[in-house]
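Take these sequences, add in the hints, and give me the full structure.
According to our numbering, the sequence shown is numbered sequentially starting from 48.
Because the hints were derived from the structure by calculation, they are not lab data. Nothing false has been slipped in among the hints.
The calculated label-pair distances, taken between Cβ atoms and stated as ranges, are: (1) Q114 / E66: 37 to 45 Å; (2) G70 / T124: 44 to 52 Å; (3) L87 / D110: 17 to 25 Å; (4) V67 / Q90: 18 to 26 Å; (5) A117 / M85: 21 to 29 Å; (6) V121 / G100: 28 to 36 Å; (7) M118 / G89: 16 to 24 Å.
We put the CB at the ideal spot given by N, CA and C, even for glycine.
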Amino acid sequence: MKANTSITIDEHVLDRVREVSNGNISSFMERAARHELMYLAGQAVTEWERRRGNDVEARALADLELQQAAMGQVRETER
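Structure representation (C-alpha cells):
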C-alpha cells in the first residue's frame, strides 16, 4: 500500500466526516479520526503481509534490531 494512496483515502474519509457534520468538526475530532485511520491502515497492511505469507513479527523485530544498531553507531560517533 503506498503512502500517498493512504493519505488520499484519509482525506476522502475526513471530507465525508466534515460533510456529514456540516463542516463542523473540531481539531480534536479530526486528530482522533486521523489516528484511527492510521491504525486501520496499519492493520490492513499487516493483514496483507500475512496473506502473502510474510512473517510480520519477524520483519518488525529485524527492523527494530537495525534501528537499535543504527542508534548505537550514532552514540559511538558522538563520544
